[in-house]
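Undergrad: Single-letter residue listing:
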Amino acid sequence: AQKITQTQPGMFVQEKEAVTLDCTYDTSDQSYGLFWYKQPSSGEMIFLIYQGSYDEQNATEGRYSLNFQKARKSANLVISASQLGDSAMYFCAMRDSHGTASKLTFGTGTRLQVTL
Amino acid sequence: KAGVTQTPRYLIKTRGQQVTLSCSPISGHRSVSWYQQTPGQGLQFLFEYFSETQRNKGNFPGRFSGRQFSNSRSEMNVSTLELGDSALYLCASSPIKPGLAGGPLINEQFFGPGTRLTVL
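Just so you know, the protein sequences line up as chains A and B, in that order.
Counting from 1, one number per residue, gives the positions in the first sequence under the working numbering.
Counting from 1001, one number per residue, gives the positions in the second sequence under the working numbering.
What the hints contain is simulated information worked out from the structure, not anything from laboratory work.
Owing to the predicted nature of the structure, the values given are computational and were not obtained by experimental measurement.
This list has only true hints and no planted wrong ones.
Which chain B residues face chain A? A few, computed with CB under 10 Å, are given here:
| hint | residue |
| --- | --- |
| 1 | 1004 |
| 2 | 1035 |
| 3 | 1037 |
| 4 | 1042 |
| 5 | 1043 |
| 6 | 1044 |
| 7 | 1088 |
| 8 | 1111 |
| 9 | 1114 |
| 10 | 1116 |
Derived CB-CB ranges, DEER-like:
| hint | chain 1 | residue 1 | chain 2 | residue 2 | range |
| --- | --- | --- | --- | --- | --- |
| 11 | A | 83 | B | 1002 | 22 to 30 Å |
| 12 | A | 113 | B | 1012 | 25 to 33 Å |
| 13 | B | 1042 | A | 18 | 23 to 31 Å |
| 14 | B | 1118 | A | 30 | 41 to 49 Å |
Note that beta-carbon positions come from the ideal geometry of N, C-alpha and C, so glycine has one too.
Could you put the whole structure together from the sequences, leaning on the hints where they help?
TA: Encoded structure:
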């Protein structure tokens, strides 16, 4: 069974600083996908970044980058130059690799608060 | 391109009633998944539909069901509502794209705003 662990229930970061949100995963699959989503208080889940297990380069999307360490089974999200609008819940998720199924297994999330 | 839409956005029901939630995926997306989010259990996968067929189902009782129409729109139904069914129900649509360098399929899931169901 797949499992995602996010050990930081809450994080604070000052505006314009970088922050790393931790995510470790457990799977016996060789082929899998890892995702990060942002959930503001409105409830909508916003896709941020994706990393495939075979991707050799760390994924980057604007201010978001994913620090993928396959041997350690970690997929930490790095947000550079934090903005007040980054305050939200952040979820790490893993996609089941069997067939073309789209089931995502989510972690418990990290609440990020960006301060002035 | 319009995003995933879910209706209604808010719903209040009483125990024992049934409810139907609707989801319209992004145009061209054929896969629709449903998730339940509660403070206690977090985000849990309910089921996934692709081309009108249920491909995957989470660990929920049979009171939870769904279907997908030929236009990819999906509905989920919960019968005999219980207090514990109060949750945010999220729908996600996904294109099916091949992975990079022989890797897994990239199934980015794009979520709708959710339907917040309150059971009294």
